[in-house]
Amino acid sequence: MQRRTLLTGLLAAGLGYGLAADAYAQARVTLNVMTAGDQNMVDYITDFLGPQFEKQNPNVKVRAVGTGPGEAGSQKIWERLDAQKKANVASWDVDVGVVHQTMAGQMVRDGVLDKYRANIQTGGLVTRDTATNALGANVDGYVMPMFHSQTAIAFNPAMVPNPPKTFDELAAWAKANPKKFGHNGIKGGMSGQAFVVGWIYANTPNASQLMQGPYDASVQNGWSPALAKLKEFNQSAVITPGNAGTLDMLNRGEIAMGPVWVDMFYTWQAEGRMSPNIRLEIMSPGMPGQPMYYIIPEKAANRDAARQFVAFATSPAIQAEGIVKRFNWYPGIDAQHVQAHLDAKVWDKLFKDVTPQDLSSKGKPLPMAQYFKEILEAYERQVAN
Amino acid sequence: MTEATAWRWLPRAIVLGLFAFVIFGPLANLVLWSLAEAWYFPNKLPSQWGFRFWEVVFRPTGRAMESLTVSIWIALLTVVLCLAISIPAGLALARGKLPWRALVMLAFLLPQAFPSLPVYINIARIFYEFGLNGTVLGVVLVHTLHGLVFGVWITTAAFASVDRELEQAARNLGASALRTFFTVTLPLAAPGIVASAIFVFLESLDEFTGSYFVGAPEIQTLPLNMFLASMGGNYQISSITALILLVPSIGFMLIVERFLKADVLAKVGT
Amino acid sequence: MSQSRALSLALIAPALVVVLALFVYPLSYSLVSAFTDRAGEFTLDNFAKGYELYSRDVVFTVVIIAVSTLLIVAVAIAIGGYLTLGENRWAVMALAWLYRWPLFVPFIVAAQCMRTFLAKNGLMNNIFVSLGLLDVASTQSFLDWRGIIVTFVWKQAPFVTLMVAGAMASLDRSTIDAARNLGASRQRILFEIVVPQVRPTLVVGLILSFVTMMSVLSVPLMISGGTPTMITVDMAYRINAHGDYGVANALGLLCYILTGAAAWAYLRQSVRERSGA
Chain Z
1 MQRRTLLTGL LAAGLGYGLA ADAYAQARVT LNVMTAGDQN MVDYITDFLG PQFEKQNPNV
61 KVRAVGTGPG EAGSQKIWER LDAQKKANVA SWDVDVGVVH QTMAGQMVRD GVLDKYRANI
121 QTGGLVTRDT ATNALGANVD GYVMPMFHSQ TAIAFNPAMV PNPPKTFDEL AAWAKANPKK
181 FGHNGIKGGM SGQAFVVGWI YANTPNASQL MQGPYDASVQ NGWSPALAKL KEFNQSAVIT
241 PGNAGTLDML NRGEIAMGPV WVDMFYTWQA EGRMSPNIRL EIMSPGMPGQ PMYYIIPEKA
301 ANRDAARQFV AFATSPAIQA EGIVKRFNWY PGIDAQHVQA HLDAKVWDKL FKDVTPQDLS
361 SKGKPLPMAQ YFKEILEAYE RQVAN
Chain G
1 MTEATAWRWL PRAIVLGLFA FVIFGPLANL VLWSLAEAWY FPNKLPSQWG FRFWEVVFRP
61 TGRAMESLTV SIWIALLTVV LCLAISIPAG LALARGKLPW RALVMLAFLL PQAFPSLPVY
121 INIARIFYEF GLNGTVLGVV LVHTLHGLVF GVWITTAAFA SVDRELEQAA RNLGASALRT
181 FFTVTLPLAA PGIVASAIFV FLESLDEFTG SYFVGAPEIQ TLPLNMFLAS MGGNYQISSI
241 TALILLVPSI GFMLIVERFL KADVLAKVGT
Chain L
1 MSQSRALSLA LIAPALVVVL ALFVYPLSYS LVSAFTDRAG EFTLDNFAKG YELYSRDVVF
61 TVVIIAVSTL LIVAVAIAIG GYLTLGENRW AVMALAWLYR WPLFVPFIVA AQCMRTFLAK
121 NGLMNNIFVS LGLLDVASTQ SFLDWRGIIV TFVWKQAPFV TLMVAGAMAS LDRSTIDAAR
181 NLGASRQRIL FEIVVPQVRP TLVVGLILSF VTMMSVLSVP LMISGGTPTM ITVDMAYRIN
241 AHGDYGVANA LGLLCYILTG AAAWAYLRQS VRERSGA
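Residue numbers (this note's numbering), protein chains in the order written: chain Z, 1 to 385; chain G, 1 to 270; chain L, 1 to 277.
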């Protein structure tokens, strides 16, 4: 730390440039919040959460950094923590991280996280399975869900007045309407991966084992028929470039349907990149979703402020005002705590297309990490090749 | 205009027009998206225009100007550092007697060849040990590494193309080696050096992966914001950011080229 | 100005230190990871798996970049040649002003522009349809391998052109004028006098472009979702979806070898020329 301060000082003097740090000289603590996900995640912290928190804690300045959309963004947070761990840095430069569920298990396994949930007063407000279990990994105590996201099929009612309700109906529809359904495969982001997972859930007998375990290496041998069917399906589908690529093609009316993340979809509508007429539905038997987690690194420089921040961010009032009302995301903590802070109109808007019943019956978790990787690799070998 | 000149102009105008379409067609998207508040099928153009997203970019908490200043500052420092070490290197590679010259040239090329993410992670780990993370110097060093490809390769080519007879003539007239270098060699190689300076500047202004691993959270550059917005399909924000970044890029090129022309002409006169 | 060996080494030392400390040293970690499994034992499995799953993508990458490079040569010579030999001052000025713009657009933005320009209902097709050059039913999307090539050429051709045009401008005009006075056509002057003299610059520009295109992730990722895809996409996917740095680094090493081979051919030749001179 000493050396770093010295270097910073030297630089500021030597180059005649006041480093960004100077701007915060008056605030005693700068809380670094790194978030994976799209620009709107950064905006949420910079424009809403940060200022609200600073109002209550005048000695803290919140600084948000985006690390990139999708799993890649979470991966970059882990890589950053891992680099500091391997370099034996005493206090790490990430105070709070926002990561995808897929990355949380790995972080816990590597021992880079603080077990903080029992130490914050909102820790008891979440009882969903996702607060303790991330793709089969036990993350109990290390995470608080920021919000839940869900994949769904976005469709243009002008082109598809009666959208297919199941994966089988979709396959028949795509055959009749070639190149009107688009998904982004497995290399361009999670919405395509979620679609592939949904397909496996729908077309293999033991879907629940994939989600709940136990792990059995021979399960993947049973996927071939489902994957062969998917390969045939892909012939009449369009493979889009990335999560945003699917939304982009929906935007231009090139495809009529495609799997999207509900939160991204609403952002695109709010920012004028998606016709307000496009609708959402979850196909039977279900499609996967996942929460974004707040995590606190084990050696966060400002651990106490970080815990305060997460407690604040997961308090019912903030979840109601920020997550639900402003961003139209599904709350991270249990819904009943949040609903009390909102009027019925706002609450109903959240469930305009996808009802709470849909969510509870058709919103599935992603498969256990090991199965998930095997599904992706089986797709690579049997579908994409 | 007579009919004959019209006929001579027509093909030229058509070709130039097509070329302009190819260049500006994709760029038109940037301008359109930066002003589009709503643009979706079946509208072929935005259905709602406005500056809403410009306000978003320039809102006080967005700190766009601050990031821009830092980005330009880093790019300028990168150019200075990069040229300071690649001009001597280029000279040595073009003129000197170096063992394994080809291998050395290759070494400078490779940082650009390897998809850089795994390397940046390792650099970050090393920089943490030296407290270089989150400093301007750290980011400048990483950008310099990538700039060296252009710096070294292009200055080498530039020095190699300088006619040695001119240098010999200066030496015969009694000029010292150092004086010959500054009055003959360097001015003649100047176009190449300037080109490399432009590329180094642009490379630094485009870079985001290294800036994240080495610079964040203390240093936040504008390209990092642009990367976030563009990968997420946030076309308005990324278009506006790209348009903002055009200003220093083009400005740098114009200044450098103006400086070059005056300079070279002056040298030619004396 | 020939120099002694010691002076040469002193001149190159700072640059070499930067590359060794900031690149070769960190890279060695990556190379080690390419040859070890998760338990830390030596293995070639990463290469075997890379070959098994991604050999098609390697071929695809090489073809895409080779085709792009060839097109970039053609464009750079054509524009540079016209800028040097063009007789109409206004046309030359217009061209000089036009061609540089893509230089200032980062790859990721170029990819974004092309994604919304070349799509089936993108700006380009919309313009053609509005002008009556195409009808709606016959539009097609270029967002596949063609889109990747178009984006690469659009973005990199100005880079090579800037270098080549600079070299052409500093050529001795007397040979060109002499040839012109003898009645040689502009094409002949271009290919027999101008291009041979700027060839070293042209090749350096091409190698730098080749290498740059090799490492770009955003263009293939944002333009084309289909298979096969480019190596950078596979690397990112191995890391992000599988946390598999071993295969990613093995693929990266492969990129190196490909690039190294391309550059080596040129370097050997330039060494021969130097020793001949």
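Keep in mind the hints are simulated off the structure, nothing from the lab.
Please note: incorrect hints may appear among the correct ones.
For each label pair, taking beta carbons as the anchor points, the in silico distance ranges come out as [claimed, not checked]:
no. : chain 1 : residue 1 : chain 2 : residue 2 : range
1   : L       : 130       : Z       : 232       : 53 to 61 Å
2   : Z       : 179       : G       : 13        : 32 to 40 Å
3   : Z       : 231       : L       : 266       : 39 to 47 Å
4   : Z       : 326       : L       : 28        : 45 to 53 Å
5   : G       : 163       : L       : 28        : 18 to 26 Å
6   : G       : 164       : Z       : 385       : 37 to 45 Å
7   : Z       : 121       : G       : 45        : 26 to 34 Å
8   : L       : 45        : Z       : 231       : 53 to 61 Å
9   : L       : 78        : Z       : 162       : 31 to 39 Å
None of these values were measured; they are calculated from a predicted model.
Here a beta-carbon is modelled for each residue, glycine too, at the ideal position from N, C-alpha and C.
Structure-based check of each hint:
1. 130(L) x 232(Z): 53 to 61 Å: Taking Cβ atoms as reference, residue 130(L) and residue 232(Z) lie about 38 Å apart, which means the hint is violated.
2. 179(Z) x 13(G): 32 to 40 Å: The hinted range 32 to 40 Å holds for residue 179(Z) and residue 13(G), with Cβ atoms some 39 Å apart.
3. 231(Z) x 266(L): 39 to 47 Å: With Cβ atoms ~43 Å apart, the hint holds.
4. 326(Z) x 28(L): 45 to 53 Å: About 48 Å separates the Cβ atoms of residue 326(Z) and residue 28(L), which means 45 to 53 Å holds.
5. 163(G) x 28(L): 18 to 26 Å: Between residue 163(G) and residue 28(L), where Cβ atoms are some 42 Å apart, the hint is violated.
6. 164(G) x 385(Z): 37 to 45 Å: Between residue 164(G) and residue 385(Z), where Cβ atoms are some 56 Å apart, the hint is violated.
7. 121(Z) x 45(G): 26 to 34 Å: 52 Å, violated
8. 45(L) x 231(Z): 53 to 61 Å: 27 Å, violated
9. 78(L) x 162(Z): 31 to 39 Å: 54 Å, violated
Consistency with the previously given hints fails for numbers 1, 5, 6, 7, 8 and 9, ordered from lowest to highest.
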